[in-house]
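*Asks:* Please model the entire structure based on the sequences and the hints provided.
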Amino acid sequence: MILNNGIIVSKGLSKGSAFIIKKENFIEEKKISKKEIDIELNKFLLSYKLTINELENIEKRAKIVFNNDNNEIFKAEILILKNKNIINEIKDSICKKLYSSEYSIYYVIKKKINNIFNKDNIYKSDYIIDICNRLINNINKKTLLSINNNNIILISKNILPSYILEINKNILGIISENGNYISHSCIIARSLRIPMIVGIKNIYNIIKNNDYIILDAINNKLFINPNSLEIYKFNLKYKKKIKKENKNKFIKKNIFLNKNIKFYININSSYDIEKLYKYNIYDIGLCRSEFLFNNKNIYEENFQFNQYKKILNILKNNTLTIRIFDILRNNFLCNKNNIYKEEEIFFKNKKINYFNLKNILTIQIQAILRASYFGNIRILLPMISIYEEVIEIKKIIKKVKLYFIKNKILFDKNIKIGIMIETPSIIMILNKIIKYIDFFVIGLNDLTRHTLAFDRSNANFFSYKSIYPSIIIFIKKIIDIVGLKKELYLCGEILDNKNYIKLLISLGIKKFSINIVDINRFNKIINDIDIKKIKKNNYLILNQYKINNIIKILNKC
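Per my numbering, the sequence shown starts with residue 6, numbered consecutively.
Just so you know, the hints here were simulated from the structure itself, not pulled from any lab data. In this text, a Cβ means the ideal position worked out from N, Cα and C, and glycines have one as well. Possibly wrong hints are sitting among the right ones.
Capping the alpha-carbon separation at 20 Å, the derived lysine to any residue pairs in SDA-like fashion look like this [unchecked claim]:
#1 K403 to I414
#2 K399 to I329
#3 K503 to L547
#4 K117 to N90
#5 K440 to I396
#6 K48 to K16
#7 K16 to I229
#8 K540 to I476
#9 K516 to L545
#10 K36 to E94
#11 K413 to I396
#12 K481 to L435
#13 K541 to N504
#14 K400 to F444
#15 K515 to F308
#16 K490 to L435
#17 K314 to F416
#18 K16 to H189
#19 K541 to I510
#20 K491 to N381
#21 K36 to I83
#22 K280 to N520
#23 K540 to I552
#24 K174 to S22
#25 K529 to K561
#26 K363 to F308
#27 K117 to I83
What follows is a set of in silico ranges between Cβ atoms, one per label pair, in the way DEER data are often shown [stated by the list, open to error]:
#28 K36 to N224: 28 to 34 Å
#29 N155 to P429: 19 to 25 Å
#30 S430 to L489: 41 to 47 Å
#31 I391 to L489: 24 to 30 Å
#32 K515 to Y392: 25 to 31 Å
#33 L489 to K206: 45 to 51 Å
#34 G488 to Y392: 18 to 24 Å
#35 N90 to L547: 53 to 59 Å
#36 Y544 to N412: 55 to 61 Å
#37 K537 to K321: 23 to 29 Å
*Replies:* So, in C-alpha coordinates, the structure goes:
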(Lines of atoms letter the chains of each structure in order from A and count residues from 1; the text may use other names and numbers.)
(Lines give C-alpha, C1' and ligand atoms only; values in the text may rest on other atoms or scores of the structure.)
Protein backbone atom coordinates (compact mmCIF):
# COMPACT_ATOMS: atom_id res chain seq x y z
CA MET A 1 0.00 0.00 0.00
CA ILE A 2 1.23 3.51 -0.86
CA LEU A 3 -0.10 6.64 0.89
CA ASN A 4 0.66 10.19 -0.21
CA ASN A 5 -1.92 12.23 1.71
CA GLY A 6 0.21 13.12 4.73
CA ILE A 7 2.03 16.32 5.63
CA ILE A 8 5.84 16.39 5.80
CA VAL A 9 7.02 18.10 9.00
CA SER A 10 10.58 16.77 9.12
CA LYS A 11 12.32 15.87 5.87
CA GLY A 12 14.28 12.67 5.27
CA LEU A 13 14.21 9.04 4.18
CA SER A 14 13.91 5.99 6.43
CA LYS A 15 12.74 2.40 6.60
CA GLY A 16 11.98 0.05 9.47
CA SER A 17 9.38 -1.91 11.43
CA ALA A 18 6.22 -0.20 12.63
CA PHE A 19 6.02 0.26 16.40
CA ILE A 20 2.56 1.40 17.50
CA ILE A 21 1.93 3.40 20.64
CA LYS A 22 -1.71 3.04 21.66
CA LYS A 23 -3.14 6.02 23.45
CA GLU A 24 -4.48 4.65 26.72
CA ASN A 25 -5.12 1.54 28.79
CA PHE A 26 -8.65 0.46 29.61
CA ILE A 27 -9.04 -0.66 33.21
CA GLU A 28 -12.12 -2.48 34.45
CA GLU A 29 -13.78 -1.34 37.66
CA LYS A 30 -12.47 -3.38 40.59
CA LYS A 31 -13.44 -3.14 44.25
CA ILE A 32 -11.12 -3.99 47.16
CA SER A 33 -11.68 -4.91 50.79
CA LYS A 34 -10.65 -2.66 53.70
CA LYS A 35 -7.82 -5.08 54.44
CA GLU A 36 -6.35 -4.40 51.00
CA ILE A 37 -6.29 -0.59 51.35
CA ASP A 38 -2.68 -0.41 52.59
CA ILE A 39 -1.47 -2.79 49.87
CA GLU A 40 -3.18 -0.83 47.08
CA LEU A 41 -2.12 2.53 48.51
CA ASN A 42 1.51 1.40 48.68
CA LYS A 43 1.29 0.13 45.09
CA PHE A 44 0.14 3.57 43.98
CA LEU A 45 2.76 5.46 46.01
CA LEU A 46 5.57 3.25 44.70
CA SER A 47 4.28 3.66 41.15
CA TYR A 48 4.10 7.43 41.72
CA LYS A 49 7.76 7.59 42.78
CA LEU A 50 8.85 5.43 39.83
CA THR A 51 6.88 7.60 37.39
CA ILE A 52 8.31 10.85 38.77
CA ASN A 53 11.80 9.34 38.49
CA GLU A 54 11.04 8.18 34.94
CA LEU A 55 9.90 11.64 33.83
CA GLU A 56 12.80 13.40 35.57
CA ASN A 57 15.23 11.10 33.72
CA ILE A 58 13.57 12.09 30.43
CA GLU A 59 13.97 15.74 31.40
CA LYS A 60 17.68 15.16 32.19
CA ARG A 61 18.10 13.47 28.82
CA ALA A 62 16.44 16.49 27.20
CA LYS A 63 18.99 18.78 28.85
CA ILE A 64 21.83 16.68 27.40
CA VAL A 65 20.32 16.57 23.91
CA PHE A 66 19.02 20.14 23.72
CA ASN A 67 20.96 21.92 26.48
CA ASN A 68 18.12 24.25 27.62
CA ASP A 69 16.39 24.21 24.21
CA ASN A 70 12.79 22.98 24.28
CA ASN A 71 13.51 21.71 27.80
CA GLU A 72 10.38 23.29 29.30
CA ILE A 73 8.26 20.94 27.18
CA PHE A 74 9.44 18.01 29.31
CA LYS A 75 8.51 19.67 32.59
CA ALA A 76 4.83 19.61 31.67
CA GLU A 77 4.06 16.05 32.78
CA ILE A 78 6.08 16.43 35.99
CA LEU A 79 4.12 19.57 36.88
CA ILE A 80 0.81 17.79 36.21
CA LEU A 81 1.81 14.66 38.17
CA LYS A 82 2.88 16.73 41.18
CA ASN A 83 -0.55 18.34 41.31
CA LYS A 84 -1.79 17.63 44.85
CA ASN A 85 -5.45 17.48 43.79
CA ILE A 86 -4.75 14.55 41.46
CA ILE A 87 -2.71 12.69 44.10
CA ASN A 88 -5.34 13.22 46.82
CA GLU A 89 -8.21 12.16 44.54
CA ILE A 90 -6.45 8.89 43.72
CA LYS A 91 -5.74 8.27 47.41
CA ASP A 92 -9.40 8.97 48.29
CA SER A 93 -10.57 6.60 45.57
CA ILE A 94 -8.47 3.83 47.14
CA CYS A 95 -9.07 4.56 50.83
CA LYS A 96 -12.67 5.84 50.85
CA LYS A 97 -14.30 4.42 47.71
CA LEU A 98 -12.41 1.11 47.95
CA TYR A 99 -11.30 0.90 44.33
CA SER A 100 -8.09 -0.84 43.22
CA SER A 101 -5.01 1.32 42.63
CA GLU A 102 -5.14 0.72 38.86
CA TYR A 103 -8.83 1.64 38.58
CA SER A 104 -8.41 4.65 40.90
CA ILE A 105 -5.69 6.05 38.63
CA TYR A 106 -7.79 5.35 35.55
CA TYR A 107 -10.97 6.82 37.07
CA VAL A 108 -9.36 10.05 38.31
CA ILE A 109 -7.32 10.59 35.13
CA LYS A 110 -10.37 9.92 32.94
CA LYS A 111 -12.30 12.56 34.89
CA LYS A 112 -9.46 15.08 34.39
CA ILE A 113 -9.35 14.33 30.67
CA ASN A 114 -13.09 14.95 30.31
CA ASN A 115 -12.70 18.30 32.08
CA ILE A 116 -9.82 19.24 29.80
CA PHE A 117 -11.67 18.28 26.62
CA ASN A 118 -14.49 20.53 27.75
CA LYS A 119 -11.92 23.33 27.82
CA ASP A 120 -10.50 22.38 24.41
CA ASN A 121 -6.96 21.86 25.70
CA ILE A 122 -5.86 18.92 23.54
CA TYR A 123 -2.16 19.06 24.42
CA LYS A 124 -2.67 18.83 28.17
CA SER A 125 -5.02 15.84 27.77
CA ASP A 126 -2.26 13.92 25.93
CA TYR A 127 0.16 14.56 28.78
CA ILE A 128 -2.40 13.30 31.31
CA ILE A 129 -3.09 10.13 29.29
CA ASP A 130 0.66 9.47 29.21
CA ILE A 131 0.86 9.91 33.00
CA CYS A 132 -2.02 7.45 33.44
CA ASN A 133 -0.29 4.85 31.26
CA ARG A 134 3.01 5.27 33.07
CA LEU A 135 1.44 4.95 36.52
CA ILE A 136 -0.53 1.81 35.60
CA ASN A 137 2.44 0.22 33.82
CA ASN A 138 4.67 0.85 36.84
CA ILE A 139 2.08 -0.80 39.11
CA ASN A 140 2.08 -3.84 36.81
CA LYS A 141 5.88 -3.66 36.38
CA LYS A 142 5.61 -3.11 32.64
CA THR A 143 7.64 -0.77 30.44
CA LEU A 144 5.61 1.85 28.57
CA LEU A 145 7.81 1.71 25.49
CA SER A 146 9.39 -1.74 25.38
CA ILE A 147 11.37 -1.97 22.12
CA ASN A 148 13.14 -5.05 20.85
CA ASN A 149 13.89 -3.86 17.33
CA ASN A 150 16.61 -1.23 16.79
CA ASN A 151 15.13 0.09 13.55
CA ILE A 152 11.60 1.32 14.18
CA ILE A 153 9.12 3.72 12.64
CA LEU A 154 7.12 5.15 15.53
CA ILE A 155 3.35 5.17 14.92
CA SER A 156 0.77 7.00 17.05
CA LYS A 157 -2.28 9.24 16.91
CA ASN A 158 -0.43 11.82 19.02
CA ILE A 159 3.34 11.72 19.48
CA LEU A 160 4.48 13.24 22.75
CA PRO A 161 7.99 14.73 22.97
CA SER A 162 8.78 12.34 25.85
CA TYR A 163 8.27 9.31 23.54
CA ILE A 164 10.90 10.61 21.13
CA LEU A 165 13.42 11.32 23.88
CA GLU A 166 12.87 7.95 25.54
CA ILE A 167 13.63 5.86 22.49
CA ASN A 168 15.31 8.25 20.05
CA LYS A 169 18.29 5.90 19.44
CA ASN A 170 15.86 3.34 17.99
CA ILE A 171 13.64 5.71 16.01
CA LEU A 172 14.31 6.00 12.29
CA GLY A 173 11.06 7.75 11.45
CA ILE A 174 7.73 8.94 12.87
CA ILE A 175 4.18 8.80 11.50
CA SER A 176 1.37 10.53 13.38
CA GLU A 177 -2.33 11.11 12.84
CA ASN A 178 -2.21 14.54 14.49
CA GLY A 179 0.32 17.37 14.72
CA ASN A 180 1.71 19.96 12.35
CA TYR A 181 4.90 21.76 11.42
CA ILE A 182 5.13 23.82 14.60
CA SER A 183 3.82 21.35 17.21
CA HIS A 184 6.34 20.38 19.88
CA SER A 185 7.05 16.83 18.70
CA CYS A 186 7.62 17.98 15.13
CA ILE A 187 10.10 20.63 16.25
CA ILE A 188 12.01 17.99 18.24
CA ALA A 189 11.92 15.52 15.33
CA ARG A 190 13.55 18.16 13.11
CA SER A 191 16.12 18.95 15.82
CA LEU A 192 17.08 15.26 15.95
CA ARG A 193 16.90 14.91 12.13
CA ILE A 194 14.18 12.24 12.35
CA PRO A 195 11.93 12.06 9.23
CA MET A 196 8.28 12.64 10.18
CA ILE A 197 4.92 12.73 8.41
CA VAL A 198 1.65 13.75 10.12
CA GLY A 199 -2.01 13.91 9.07
CA ILE A 200 -2.45 10.19 8.28
CA LYS A 201 -6.06 9.55 9.30
CA ASN A 202 -7.24 6.23 10.82
CA ILE A 203 -3.63 5.31 11.38
CA TYR A 204 -4.36 2.29 13.61
CA ASN A 205 -6.58 0.76 10.92
CA ILE A 206 -3.98 1.24 8.20
CA ILE A 207 -0.73 0.24 9.94
CA LYS A 208 -0.20 -2.78 12.21
CA ASN A 209 2.67 -3.59 14.56
CA ASN A 210 5.79 -4.89 12.76
CA ASP A 211 4.57 -3.85 9.30
CA TYR A 212 7.58 -3.00 7.16
CA ILE A 213 7.48 0.74 6.43
CA ILE A 214 9.31 2.92 3.94
CA LEU A 215 8.97 6.58 4.95
CA ASP A 216 9.76 8.98 2.13
CA ALA A 217 9.44 12.36 3.84
CA ILE A 218 10.86 14.15 0.81
CA ASN A 219 8.33 13.11 -1.84
CA ASN A 220 5.54 12.59 0.72
CA LYS A 221 5.13 8.86 0.18
CA LEU A 222 4.47 6.15 2.72
CA PHE A 223 4.98 2.51 1.67
CA ILE A 224 3.37 -0.16 3.88
CA ASN A 225 4.83 -3.64 3.33
CA PRO A 226 6.41 -2.60 -0.01
CA ASN A 227 7.31 -5.10 -2.74
CA SER A 228 10.89 -5.92 -3.75
CA LEU A 229 10.95 -3.37 -6.59
CA GLU A 230 9.79 -0.55 -4.29
CA ILE A 231 12.45 -1.52 -1.74
CA TYR A 232 15.12 -1.60 -4.46
CA LYS A 233 14.15 1.89 -5.76
CA PHE A 234 14.12 3.28 -2.24
CA ASN A 235 17.59 1.88 -1.48
CA LEU A 236 18.98 3.58 -4.60
CA LYS A 237 17.37 6.87 -3.58
CA TYR A 238 18.70 6.52 -0.02
CA LYS A 239 22.27 5.86 -1.20
CA LYS A 240 22.08 8.88 -3.50
CA LYS A 241 20.90 11.06 -0.61
CA ILE A 242 23.75 9.91 1.68
CA LYS A 243 26.29 10.56 -1.08
CA LYS A 244 24.89 14.07 -1.59
CA GLU A 245 24.96 14.80 2.16
CA ASN A 246 28.61 13.73 2.39
CA LYS A 247 29.46 15.94 -0.58
CA ASN A 248 27.79 18.95 1.08
CA LYS A 249 29.11 18.17 4.53
CA PHE A 250 30.82 21.53 4.88
CA ILE A 251 28.69 24.57 4.23
CA LYS A 252 30.14 27.00 1.70
CA LYS A 253 29.31 30.68 1.61
CA ASN A 254 27.87 30.90 -1.88
CA ILE A 255 27.21 34.17 -3.68
CA PHE A 256 23.83 34.36 -5.40
CA LEU A 257 24.18 34.92 -9.13
CA ASN A 258 22.93 38.42 -10.06
CA LYS A 259 20.05 38.12 -7.61
CA ASN A 260 21.08 40.77 -5.04
CA ILE A 261 19.69 38.48 -2.32
CA LYS A 262 21.09 38.37 1.22
CA PHE A 263 20.34 35.97 4.02
CA TYR A 264 20.75 35.94 7.77
CA ILE A 265 20.83 32.84 9.99
CA ASN A 266 18.32 31.83 12.68
CA ILE A 267 19.61 30.52 16.00
CA ASN A 268 16.99 28.17 17.43
CA SER A 269 19.13 26.07 19.78
CA SER A 270 22.55 25.61 21.33
CA TYR A 271 23.16 23.09 18.54
CA ASP A 272 23.02 26.01 16.08
CA ILE A 273 25.50 27.99 18.20
CA GLU A 274 27.94 25.07 18.10
CA LYS A 275 27.67 25.03 14.30
CA LEU A 276 28.83 28.66 14.17
CA TYR A 277 32.24 27.40 15.31
CA LYS A 278 32.47 24.93 12.43
CA TYR A 279 31.17 26.87 9.46
CA ASN A 280 31.52 30.29 7.93
CA ILE A 281 29.96 32.83 10.30
CA TYR A 282 26.92 34.75 9.15
CA ASP A 283 24.86 37.61 10.52
CA ILE A 284 22.19 36.35 12.90
CA GLY A 285 18.76 37.60 11.81
CA LEU A 286 16.84 35.96 14.64
CA CYS A 287 18.14 34.47 17.88
CA ARG A 288 15.22 32.96 19.80
CA SER A 289 16.41 33.90 23.26
CA GLU A 290 13.96 31.62 25.13
CA PHE A 291 16.13 28.55 24.52
CA LEU A 292 19.04 30.11 26.44
CA PHE A 293 17.19 30.19 29.74
CA ASN A 294 14.94 28.32 32.12
CA ASN A 295 12.33 29.73 34.47
CA LYS A 296 14.86 30.47 37.22
CA ASN A 297 17.57 32.34 35.37
CA ILE A 298 15.08 34.34 33.30
CA TYR A 299 15.30 36.83 36.19
CA GLU A 300 19.12 36.86 36.32
CA GLU A 301 20.56 39.75 34.34
CA ASN A 302 24.18 38.61 34.64
CA PHE A 303 23.36 35.16 33.33
CA GLN A 304 21.63 36.65 30.29
CA PHE A 305 24.46 39.13 29.71
CA ASN A 306 27.06 36.35 29.71
CA GLN A 307 25.01 34.28 27.24
CA TYR A 308 24.75 37.16 24.77
CA LYS A 309 28.43 38.06 25.18
CA LYS A 310 29.41 34.43 24.49
CA ILE A 311 27.53 34.45 21.15
CA LEU A 312 29.00 37.86 20.22
CA ASN A 313 32.51 36.48 20.82
CA ILE A 314 31.80 33.71 18.31
CA LEU A 315 30.30 36.12 15.77
CA LYS A 316 33.16 38.63 16.04
CA ASN A 317 31.97 41.64 14.00
CA ASN A 318 28.83 40.02 12.60
CA THR A 319 25.33 41.11 13.61
CA LEU A 320 23.41 39.39 16.41
CA THR A 321 19.66 40.07 16.43
CA ILE A 322 18.13 39.03 19.75
CA ARG A 323 14.42 38.39 19.70
CA ILE A 324 13.27 39.24 23.22
CA PHE A 325 11.33 36.64 25.17
CA ASP A 326 8.21 35.80 23.24
CA ILE A 327 6.03 36.45 26.26
CA LEU A 328 2.74 35.96 24.44
CA ARG A 329 3.60 32.50 23.16
CA ASN A 330 6.42 30.93 25.20
CA ASN A 331 5.11 27.48 26.09
CA PHE A 332 5.98 27.46 29.77
CA LEU A 333 7.07 30.97 30.66
CA CYS A 334 6.63 31.21 34.40
CA ASN A 335 6.47 34.26 36.52
CA LYS A 336 6.89 33.69 40.20
CA ASN A 337 3.26 32.73 40.72
CA ASN A 338 1.83 31.59 37.40
CA ILE A 339 2.48 29.39 34.40
CA TYR A 340 1.24 30.88 31.14
CA LYS A 341 0.40 28.60 28.26
CA GLU A 342 0.51 29.51 24.59
CA GLU A 343 -2.99 29.19 23.12
CA GLU A 344 -4.57 30.33 26.41
CA ILE A 345 -2.36 33.42 26.32
CA PHE A 346 -2.72 34.47 22.74
CA PHE A 347 -6.35 33.68 22.11
CA LYS A 348 -7.91 33.86 25.57
CA ASN A 349 -5.79 36.17 27.67
CA LYS A 350 -4.27 38.88 25.48
CA LYS A 351 -3.93 41.07 28.58
CA ILE A 352 -0.73 39.12 29.41
CA ASN A 353 1.51 41.35 27.33
CA TYR A 354 4.40 43.81 27.51
CA PHE A 355 2.48 45.96 29.98
CA ASN A 356 2.07 43.09 32.46
CA LEU A 357 5.59 41.69 32.24
CA LYS A 358 7.71 44.85 32.43
CA ASN A 359 10.02 43.27 35.00
CA ILE A 360 11.11 40.43 32.67
CA LEU A 361 11.40 42.82 29.73
CA THR A 362 13.49 45.37 31.66
CA ILE A 363 15.94 42.70 32.87
CA GLN A 364 16.44 41.42 29.33
CA ILE A 365 16.83 44.93 27.87
CA GLN A 366 19.50 45.71 30.50
CA ALA A 367 21.40 42.49 29.68
CA ILE A 368 21.26 43.18 25.91
CA LEU A 369 22.39 46.81 26.29
CA ARG A 370 25.34 45.73 28.46
CA ALA A 371 26.29 43.13 25.84
CA SER A 372 26.01 45.73 23.04
CA TYR A 373 29.35 47.22 24.14
CA PHE A 374 31.07 43.97 23.08
CA GLY A 375 29.65 43.59 19.58
CA ASN A 376 27.05 44.38 16.96
CA ILE A 377 23.75 43.49 18.66
CA ARG A 378 20.16 44.47 17.86
CA ILE A 379 16.84 44.09 19.68
CA LEU A 380 13.90 42.42 17.96
CA LEU A 381 10.41 42.70 19.47
CA PRO A 382 7.95 39.84 18.74
CA MET A 383 4.17 39.77 18.56
CA ILE A 384 3.62 43.53 18.54
CA SER A 385 -0.04 44.18 17.81
CA ILE A 386 -0.83 47.75 18.92
CA TYR A 387 0.78 51.20 18.73
CA GLU A 388 0.92 51.54 22.54
CA GLU A 389 3.19 48.48 22.84
CA VAL A 390 5.79 50.10 20.59
CA ILE A 391 5.72 53.35 22.60
CA GLU A 392 5.82 51.52 25.95
CA ILE A 393 8.87 49.42 24.99
CA LYS A 394 10.69 52.47 23.61
CA LYS A 395 10.08 54.16 26.97
CA ILE A 396 11.54 51.17 28.85
CA ILE A 397 14.62 51.15 26.60
CA LYS A 398 15.08 54.91 27.03
CA LYS A 399 14.76 54.57 30.82
CA VAL A 400 17.43 51.84 30.90
CA LYS A 401 19.73 53.93 28.68
CA LEU A 402 19.43 56.95 31.00
CA TYR A 403 20.18 54.74 34.00
CA PHE A 404 23.29 53.35 32.25
CA ILE A 405 24.52 56.84 31.32
CA LYS A 406 24.00 58.08 34.88
CA ASN A 407 25.90 55.08 36.31
CA LYS A 408 28.58 55.16 33.58
CA ILE A 409 27.73 51.66 32.28
CA LEU A 410 29.10 51.23 28.76
CA PHE A 411 26.68 50.32 25.95
CA ASP A 412 25.87 51.07 22.32
CA LYS A 413 23.81 54.27 22.45
CA ASN A 414 22.68 53.75 18.85
CA ILE A 415 21.47 50.15 19.28
CA LYS A 416 18.86 49.31 16.65
CA ILE A 417 15.30 48.27 17.54
CA GLY A 418 13.20 46.08 15.23
CA ILE A 419 9.78 44.49 15.36
CA MET A 420 8.37 41.23 14.01
CA ILE A 421 5.33 41.63 11.79
CA GLU A 422 3.17 38.69 12.87
CA THR A 423 -0.32 40.11 13.29
CA PRO A 424 -2.72 41.74 10.81
CA SER A 425 -3.34 44.58 13.29
CA ILE A 426 0.25 45.85 13.15
CA ILE A 427 0.22 45.85 9.34
CA MET A 428 -2.73 48.22 9.42
CA ILE A 429 -0.71 50.82 11.40
CA LEU A 430 2.79 50.26 9.94
CA ASN A 431 2.85 53.73 8.43
CA LYS A 432 2.20 55.21 11.91
CA ILE A 433 5.01 53.33 13.71
CA ILE A 434 7.70 53.18 11.01
CA LYS A 435 9.43 56.31 12.35
CA TYR A 436 9.99 54.63 15.74
CA ILE A 437 11.52 51.42 14.37
CA ASP A 438 14.90 50.73 12.69
CA PHE A 439 14.15 47.41 10.96
CA PHE A 440 11.25 45.02 10.34
CA VAL A 441 11.03 41.21 10.18
CA ILE A 442 8.05 39.41 8.65
CA GLY A 443 7.31 36.30 10.74
CA LEU A 444 5.56 34.43 7.98
CA ASN A 445 4.50 31.35 9.98
CA ASP A 446 2.62 33.28 12.62
CA LEU A 447 1.35 35.97 10.29
CA THR A 448 -0.29 33.15 8.30
CA ARG A 449 -1.64 31.50 11.43
CA HIS A 450 -3.09 34.66 12.95
CA THR A 451 -4.51 35.97 9.67
CA LEU A 452 -6.30 32.71 8.90
CA ALA A 453 -7.32 32.09 12.54
CA PHE A 454 -6.09 28.58 13.17
CA ASP A 455 -3.88 27.04 15.85
CA ARG A 456 -1.10 24.49 16.19
CA SER A 457 -3.45 21.52 16.54
CA ASN A 458 -4.80 21.87 12.99
CA ALA A 459 -2.66 19.53 10.88
CA ASN A 460 -4.48 19.85 7.56
CA PHE A 461 -4.86 23.60 7.57
CA PHE A 462 -1.32 24.28 8.70
CA SER A 463 0.31 22.24 5.94
CA TYR A 464 2.13 25.22 4.38
CA LYS A 465 1.46 23.72 0.97
CA SER A 466 -0.84 26.57 0.07
CA ILE A 467 -0.08 30.16 -0.83
CA TYR A 468 -2.92 32.24 0.53
CA PRO A 469 -4.06 35.36 -1.41
CA SER A 470 -4.68 37.31 1.82
CA ILE A 471 -1.07 36.77 2.93
CA ILE A 472 0.27 37.83 -0.47
CA ILE A 473 -1.72 41.08 -0.22
CA PHE A 474 -0.40 41.69 3.31
CA ILE A 475 3.22 41.12 2.22
CA LYS A 476 2.80 43.48 -0.73
CA LYS A 477 1.37 46.11 1.63
CA ILE A 478 4.34 45.67 4.03
CA ILE A 479 6.84 46.03 1.17
CA ASP A 480 5.08 49.15 -0.13
CA ILE A 481 5.17 50.80 3.33
CA VAL A 482 8.59 49.68 4.63
CA GLY A 483 10.33 48.86 1.35
CA LEU A 484 13.07 51.41 0.63
CA LYS A 485 12.66 53.33 3.92
CA LYS A 486 13.87 50.72 6.43
CA GLU A 487 15.54 47.30 6.42
CA LEU A 488 13.04 44.49 5.85
CA TYR A 489 13.57 40.75 5.84
CA LEU A 490 11.50 37.60 6.23
CA CYS A 491 11.81 34.42 8.27
CA GLY A 492 9.69 31.29 8.57
CA GLU A 493 9.67 27.53 8.11
CA ILE A 494 7.37 28.24 5.18
CA LEU A 495 10.53 28.96 3.14
CA ASP A 496 10.54 25.22 2.48
CA ASN A 497 8.09 26.03 -0.30
CA LYS A 498 10.01 26.85 -3.49
CA ASN A 499 7.01 28.57 -5.07
CA TYR A 500 6.70 30.86 -2.06
CA ILE A 501 10.36 31.88 -2.35
CA LYS A 502 9.82 32.67 -6.03
CA LEU A 503 6.84 34.84 -5.20
CA LEU A 504 8.46 36.63 -2.25
CA ILE A 505 11.52 37.62 -4.29
CA SER A 506 9.41 38.82 -7.20
CA LEU A 507 7.36 40.99 -4.81
CA GLY A 508 10.54 42.64 -3.52
CA ILE A 509 11.78 40.63 -0.51
CA LYS A 510 15.58 40.67 -0.85
CA LYS A 511 16.59 39.44 2.60
CA PHE A 512 15.73 36.19 4.38
CA SER A 513 16.57 34.69 7.75
CA ILE A 514 16.91 30.91 7.48
CA ASN A 515 18.01 27.91 9.52
CA ILE A 516 21.70 27.10 9.33
CA VAL A 517 21.07 23.59 7.96
CA ASP A 518 19.17 25.05 4.99
CA ILE A 519 21.96 27.27 3.62
CA ASN A 520 23.06 25.04 0.73
CA ARG A 521 19.51 24.15 -0.29
CA PHE A 522 18.41 27.77 -0.12
CA ASN A 523 21.37 28.86 -2.25
CA LYS A 524 20.43 26.31 -4.90
CA ILE A 525 16.78 27.40 -4.98
CA ILE A 526 17.72 31.07 -5.32
CA ASN A 527 20.21 30.43 -8.11
CA ASP A 528 17.61 28.36 -10.04
CA ILE A 529 14.94 31.09 -9.96
CA ASP A 530 14.22 33.24 -13.01
CA ILE A 531 13.14 36.43 -11.22
CA LYS A 532 12.35 38.37 -14.42
CA LYS A 533 9.93 35.67 -15.54
CA ILE A 534 8.08 35.72 -12.20
CA LYS A 535 7.89 39.52 -12.06
CA LYS A 536 6.04 39.53 -15.37
CA ASN A 537 3.26 37.58 -13.65
CA ASN A 538 3.10 39.66 -10.44
CA TYR A 539 0.03 41.62 -11.47
CA LEU A 540 -1.77 38.43 -12.43
CA ILE A 541 -0.86 36.75 -9.10
CA LEU A 542 -1.90 39.73 -6.97
CA ASN A 543 -5.32 39.74 -8.59
CA GLN A 544 -5.99 36.03 -7.98
CA TYR A 545 -8.27 34.90 -5.16
CA LYS A 546 -7.98 31.14 -5.73
CA ILE A 547 -5.00 29.31 -4.19
CA ASN A 548 -4.73 26.73 -6.99
CA ASN A 549 -4.61 29.44 -9.66
CA ILE A 550 -1.67 31.12 -7.91
CA ILE A 551 0.19 27.80 -7.65
CA LYS A 552 -0.41 27.05 -11.34
CA ILE A 553 1.04 30.44 -12.36
CA LEU A 554 4.13 29.96 -10.15
CA ASN A 555 4.69 26.40 -11.41
CA LYS A 556 5.03 27.80 -14.95
CA CYS A 557 7.65 30.36 -13.88
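*Asks:* Which numbered hints does this structure break?
*Replies:* 6, 9, 11, 15, 21, 28, 29, 30 and 37
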